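Peer 1: Sequence:
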Amino acid sequence: MKVSLIVLSIICLSTFNIQSQVFRGGFKGGVVASEVSGDHLSGPNKFGLYGSAFTMLPLSQYSFLQMEVMYIQKGSRSVPSESNNYFDYRFDLQYVEVPFLFVQNMSAYTSLNYLDKILFHGGLSVSFLVNSNESEDLVEYPNRSDFNAAELNLLVGFSYPLYEALYLNFGYSNSLTPIRSHADGQTTWINRGQYNVLWTLGLTWIFW
Numbered sequence: 001m002k003v004s005l006i007v008l009s010i011i012c013l014s015t016f017n018i019q020s021q022v023f024r025g026g027f028k029g030g031v032v033a034s035e036v037s038g039d040h041l042s043g044p045n046k047f048g049l050y051g052s053a054f055t056m057l058p059l060s061q062y063s064f065l066q067m068e069v070m071y072i073q074k075g076s077r078s079v080p081s082e083s084n085n086y087f088d089y090r091f092d093l094q095y096v097e098v099p100f101l102f103v104q105n106m107s108a109y110t111s112l113n114y115l116d117k118i119l120f121h122g123g124l125s126v127s128f129l130v131n132s133n134e135s136e137d138l139v140e141y142p143n144r145s146d147f148n149a150a151e152l153n154l155l156v157g158f159s160y161p162l163y164e165a166l167y168l169n170f171g172y173s174n175s176l177t178p179i180r181s182h183a184d185g186q187t188t189w190i191n192r193g194q195y196n197v198l199w200t201l202g203l204t205w206i207f208w
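So for the sequence shown, full-length UniProt numbering puts the first residue at 1; every next one is plus one.
Calculated directly from the structure, the hints in this document are not laboratory data. Please read these numbers as outputs of a predicted model, since none were measured by experiment. Cβ atoms here follow ideal geometry from the backbone N, Cα and C, with glycine treated the same way. Hints are all accurate, no fakes.
Keeping only pairs whose Cα atoms sit at most 25 Å apart, straight-line, the calculated SDA-like set for lysine to any residue is:
(1) K117 with L57
(2) K117 with F158
(3) K117 with F100
(4) K117 with A53
(5) K117 with G25
(6) K117 with S60
(7) K117 with N105
(8) K117 with F54
(9) K117 with R24
(10) K117 with V31
(11) K117 with L65
(12) K117 with L201
Quick list of the computed label-pair ranges, beta carbon to beta carbon:
(13) Q61 with E164: 12 to 22 Å
(14) W205 with L59: 19 to 29 Å
(15) Q61 with E140: 47 to 57 Å
(16) S135 with L115: 44 to 54 Å
(17) D137 with P161: 37 to 47 Å
(18) S181 with S63: 34 to 44 Å
(19) S135 with Q61: 47 to 57 Å
Can you make the complete structure from the sequences, with help from the hints?
Peer 2: And the structure:
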């Protein structure tokens with residue numbers, strides 16, 4: 001089921017671009033700083049990478065819809081130090097993610113230099129877990145099956161042009177559904193387990 005959804009997303013991405021000449025697209029890539037809320041560790045201390053292909057549909061002169069197919073590394077990390085009794089914890093999660101974003105060019109609202117070049121974005125994404133690894137003091141946990149296969153995320157951020165079709169982008173993401181339950185199994189109506197929280201910094205290249 002998970003593989004089928006990923007394949008369907010890729011097919012949709014390709015089909016959208018073929019069906020209409022108004023679509024544009026490109027690639028994104030960069031670094032991720034992440035943490036897991038509910039694991040009682042400060043962060044973000046886990047660093048990873050992300051990369052995606054995307055297509056855009058203009059809605060007006062200043063706004064458009066954007067769909068992506070992304071590979072992204074998330075998780076949590078406790079770096080050994082004297083303050084945490086040299087506790088070494090690594091929690092690595094790898095996802096294929098499909099974001100759906102609304103993008104707004106700020107030149108529609110301001111003519112101020114620099115501000116009028118910013119592109120703000122916001123939307124939702126669905127992530128499908130493809131691999132996980134968890135270890136404590138270099139000892140790997142046995143294979144666990146308590147991870148949720150998919151998660152829903154909220155995304156916001158902005159981009160700024162560096163040169164022609166090259167943009168610097170910054171993003172924030174927080175999962176709206178838990179990646180797994182708390183270790184003790186306790187839940188409340190707004191806290192049903194552990195959640196991914198992350199910041200991204202990268203480059204966008206629009207090439208068609």
